[in-house]
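Residues per chain are reported as follows:
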Amino acid sequence: MFEILEKERIGPGVNRAVISAPAIAEAHRPGQFIILRTTDNGERIPLTVADKNVEKGTITLVWQEVGSTTYYMGTMCVGEKFQDICGPLGAPTHIEKFGTVVGVGGGIGVAPLYPITKGMHDAGNNVISILGARTEGLLIMTEEMRKVSDELIISTDDGSYGFHGFVTQVLQGLIDRGQQIDLVVAIGPVPMMKAVVNVTRKANLPTVVSLNPIMVDGTGMCGACRVEVGGKTMFGCVDGPEFDGLQVDFDLLMKRLAMYKGQELIALNNFRDTPRGCQCTFPGGA
Amino acid sequence: MSDQQAKPAKKPKVPRQKMPEQDPIQRAHNFYEVALGYENDLALLEASRCLNCKKPSCMKGCPVEVDIPDFVSLVKAGDMIGAAWKIKEKNSLPRIAGRVCPQETQCEARCVVGAKGKNEPCAIGRLERYVADYAAIHGDGKLPEMPKATGLKVGIVGSGPAGLTLAGALIKKGVAVTVFEALHELGGVLVYGIPEFRLPKAIVRAEVDELRRMGVEFKTNWVIGRIETVDDLLEKRKYDGVFIGSGAGAPLFLKIPGENLNGVYSANEFLTRANLMKAYMFPQADTPVAKGRRVVVFGGGNVAMDSARTSLRLGAEEVTIVYRRTMEELPARSEEVHHAIEEGVKFELLSSPLEIIGNEQGWAVGIKLQKMQLGEPDASGRRRPVPIPGAFYEKECDTVIVSIGNAANPLVPSTTKNLETNKWGNIVADPETGKTPKDRVWAGGDIVTGAATVILAMGAGRKAALSMIDTFKI
Ligand SMILES: Cc1cc2nc3c(=O)[nH]c(=O)nc-3n(C[C@H](O)[C@H](O)[C@H](O)COP(=O)(O)OP(=O)(O)OC[C@H]3O[C@@H](n4cnc5c(N)ncnc54)[C@H](O)[C@@H]3O)c2cc1C
Ligand code: FES
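One line per chain: the protein sequences are A and B, in this order. Residue numbering for the first sequence follows the numbering used here, beginning at 6 and increasing consecutively. Residue numbering for the second sequence follows the numbering used here, beginning at 2 and increasing consecutively.
FYI, nobody ran anything at the bench for these hints, they're computed from the structure. You may find that some hints are simply not true.
[Said to hold, decoys possible] With a cut-off of at most 20 Å between alpha-carbon atoms, the simulated SDA-like pairs for lysine to any residue come out as follows:
no., chain 1, residue 1, chain 2, residue 2
1, B, K154, B, K220
2, B, K292, A, T44
3, B, K237, A, G62
4, A, K266, B, G264
5, A, K102, A, Q184
6, B, K220, B, R206
7, A, K260, B, G359
8, A, K266, B, N360
9, B, K279, A, G267
10, B, K220, A, T44
Use the sequences and the hints to build the structure in full.
Right under this line is the structure:
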C-alpha cells in the first residue's frame with residue numbers, strides 16, 4: 006500500500022508523485038485532502054489531493070520542499086512506500102452550476118485548485134483560471150489546467166511569462182472589463198489569498214479559499230487546525246478546508262502557521278545530517 | 002503467611018501494601034512508568050488482606066463485575082496465571098484496567114476491609130495489575146481455542162477500549178471482525194491521550210497484537226464518515242452488525258479572548274503530540290510541541306493532571322493548574338493529584354480564566370484571571386464558584402493547555418442515516434445492550450456516555466457483544 010508508482014520534479018523543489026491508494030482514490034472528492042507520514046517517527050502532514058485515477062487506484066500529490074518531511078519526500082523514489090496515508094479528509098468542495106467561476110491559483114496552490122477546476126468545469130460552469138508564480142520556472146500544471154478551463158490567464162511577478170504582475174491585478178482586470186463572475190475560488194500562499202479577498206470584497210464577489218493550517222489528526226479531535234472565520238473559531242480539518250474567504254482572519258492564520266518555525270529549522274538541519282538528507286538535492290542550498 | 006492463607010483473619014493485621022514508585026524528582030523528568038508494580042511477596046501480603054467475603058460487595062462496584070474474591074484467592078494460592086485468567090473472563094484488558102481504573106471509587110470503595118474507615122481497602126487494582134503483568138510475561142502466550150467461523154461479520158468503528166473489548170468477545174465466538182481506526186495507531190485514548198508514564202504503549206500494543214493473532218482485522222487510517230460511511234458498511238459491505246465506539250474526542254474551548262494564540266493547546270492536541278507523535282523525542286521524531294517554560298493548565302480532571310505532568314517531563318520550569326473550585330472538588334483521581342503535587346505541579350485554586358494575553362507575534366504571554374469564592378451548592382451538590390467582584394489578576398506564562406472536557410465528535414453521527422443523537426451530540430443507545438434504534442447498529446463508550454472511563458467503555462463493548470451474540474443467535 007501507498008507505493009510511489011511515478012515521481013517527477015516539476016519545478017525547483019516541487020515534486021509530483023503518483024501513489025497507489027485505491028480506496029482513497031475511490032472515495033475522494035474535489036477539495037479533500039490526505040494526511041501522511043513518511044516513516045514511523047514521521048509527523049502527520051496534510052496535503053491536498055491534486056488528481057486521482059479510480060481505475061488505476063492512484064492519487065497524485067504535489068508538494069514543495071519546505072520542511073524536513075517534504076524534503077524527505079523529495080528523496081523518496083519510485084517503489085518506496087509511505088508509512089501511512091489517511092484520507093480523504095475534510096469537506097468536499099461545493100460544486101454546482103454557478104455560472105462563471107474564476108479560479109485563482111498561486112504557486113503550489115495550483116495543485117489543489119486543479120481538481121476543483123475540473124469539477125466546476127464538468128458541472129457546466131464557464132471557468133476562467135488565473136495562475137500566478139514568482140517566475141516562469143515556478144509555474145506548475147499549466148497544461149492540465151488549460152484542459153479544464155474555458156479561459157486561462159498566466160501571470161508572473163517578474164514578467165518572465167504571461168502578464169507581468171500579480172494574480173490580483175489580473176482578477177481586477179476581469180472585474181474592470183465587466184466580466185460576469187459568480188464565484189471566485191482562490192488557493193495559494195496566505196498573503197495571496199488575503200490579497201485576492203481584498204479585491205473581491207470591494208467587488209462584492211463570493212469567494213472561497215482553501216486553508217492549510219497546521220494539523221495533527223485531521224478528524225476534529227485536537228483543534229491544532231483552529232482558524233477564525235467570521236469571528237468564530239472553526240476547525241480547518243473538518244469544518245474546512247474551504248471557507249468563505251471574505252470572513253477569514255488571514256493574519257491569525259499566518260501567525261499560527263509560523264508557530265513551529267524554530268523547531269522546523271532544527272528538524273530540517275537534523276534531517277540534513279542523515280544519509281538521506283546529505284545526498285539529496287537541496288536546490289538553491291535551501 | 003501460610004496460616005493467614007488457611008484461615009483468613011477477621012481483622013487484617015497487615016496494612017495495605019504500597020506499590021513501589023519511581024522517585025518523584027527523578028520521574029518528573031522522564032517518561033518511564035511512575036508506578037513500578039508489586040513484587041511477588043507484596044502481592045501475597047496484600048492478597049492476604051482479602052476477607053473472601055461470602056457476599057462480596059467489591060464486585061458490585063466493578064462495572065464489568067470481575068470475580069474479585071475468586072481471583073484474589075488464586076493469588077493467595079500463588080496461581081498468578083490462573084488469577085489473570087479469572088479476571089479475563091470478564092475483563093479482557095486487565096493490564097490496562099489495573100493501571101488506569103479509578104478503583105478507589107469502584108471496587109475498592111465497596112471493599113469490606115476498608116468499610117469502617119479504620120483500615121484501608123484491599124488494593125484490588127494493584128493485584129489485578131500484578132497478576133496480569135505476570136501472566137503476560139510468564140504465561141505460555143497460547144491463545145484460547147478458537148471456534149469455527151460462523152460466517153457472520155461485524156465492523157467496529159474506533160479502536161478504543163470499547164471497540165477492542167467487543168472485537169475480542171466476538172472473535173472468540175467465531176464472528177469475523179474488522180476494526181476501522183482513524184489514526185495510524187490502535188488503542189484510542191489509550192495511545193493518544195493517556196501518557197506513557199501511566200500506561201506504557203507497549204502494553205496496549207501487546208493487547209492489540211493478541212487480538213490480531215486471534216484473527217481480528219485492523220484497518221488504520223480509515224475514517225468512517227469520509228472514506229466509507231456506516232451505511233456503506235451495512236449495505237455495500239454487508240456487515241451483519243456495526244458497532245460505533247468512536248469516543249468523545251472533540252475538544253472544548255473556553256471561548257475567551259486569546260484562545261487561538263500560539264502556545265495555546267487543547268489537552269487533546271498537547272497530549273497527542275507528546276504521546277502518539279512522540280514529541281518528547283523531537284527531533285528524532287519529527288513532531289514538535291511548544292516546550293513551555295511556564296505552563297498553565299485550565300481544568301481539574303485527570304486529563305488536566307496528565308497534561309501538567311507531561312509538561313514537566315518535556316522540561317517546563319513551572320506548571321500551574323488553574324481550577325475554579327478548591328482541592329476538595331478536584332474531579333481528578335486523588336492518586337493523580339497526589340502524584341502531580343509530588344512532582345512539583347502547582348495549583349492556583351478558586352481562579353477562573355478570563356483572557357489569554359498575547360504579544361505582537363501572536364504568542365501567549367500571560368493570562369488574566371478572576372478570583373472566585375465558593376457559594377451555594379449547585380444541582381450536582383458541589384458548591385458553585387462565584388466571582389469575587391473586582392478581584393482580577395494576571396499571571397505570566399508561555400503555554401496554555403485547555404483541559405475542560407470533550408464533546409462528541411459529530412463525524413460519524415452526521416454521516417449516518419437515521420442515527421439518533423441527544424442534545425450533546427452523543428449517540429442514543431440502550432445502556433444495557435448498546436443497541437441503537439437503527440437496525441444492525443450498536444454503539445458504546447464515550448460516544449454514547451460522554452467522556453467517562455476506560456472500564457465503562459470496556460463494559461459497553463462487552464454488553465454490545467452479548468447483545469450481538471444474542472441477536473445473531475450464536
Ligand atoms: C488524557 C486522558 C486520560 C484519561 N485517563 C483515564 C484514566 O486514568 N482512567 C480511565 O478510566 N479513563 C481515563 N480517561 C478516559 C478514557 O480514556 C475514555 O473514557 C475511554 O478511552 C473511552 O473509550 P472509547 O472506546 O469509548 O473511545 P476512545 O478511547 O476515545 O477511542 C475511540 C477511537 O475511535 C477512533 N475514531 C473516532 N472517530 C472515528 C471515525 N470516524 N472512524 C474511525 N475511527 C474513529 C478514534 O481515533 C479513537 O481511536 C482518560 C482520557 C483522556 C483523554
Ligand atoms: S487537525 Fe486535529 S482537529 Fe483538525
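Okay, the hints, checked on the actual structure:
Between the alpha carbons of K154/B and K220/B the distance comes to roughly 15 Å, so the proposed pair stays at or under 20 Å and holds. A hinted pair counts as satisfied when its Cα atoms are at most 20 Å apart, and K292/B with T44/A does not qualify at roughly 24 Å. For a cut-off of 20 Å, the pair hint linking K237/B to G62/A stands: about 19 Å separates their Cα positions. Taking the CA atoms of K266/A and G264/B, the gap is near 13 Å; set against the 20 Å cutoff, the hint holds.
Of the supplied pair hints, the one linking K102/A and Q184/A holds, its CA atoms being roughly 17 Å apart against a limit of 20 Å. Taking the CA atoms of K220/B and R206/B, the gap is about 15 Å. The hint holds against a cut of 20 Å. About 12 Å separates the Cα atoms of K260/A and G359/B, which keeps this hinted pair within 20 Å; it holds. For the proposed pair K266/A and N360/B, the alpha carbon gap of about 17 Å is at most 20 Å, so the pair holds.
Proximity of K279/B to G267/A is assessed by CA-CA distance (about 18 Å); at most 20 Å being required, the pair is judged to hold. Taken as a hint, the K220/B and T44/A pair is honoured in the structure, with Cα atoms around 18 Å apart against an allowance of 20 Å.
This entry does not satisfy hint 2, going by the numbered hints stated previously; all others are met.
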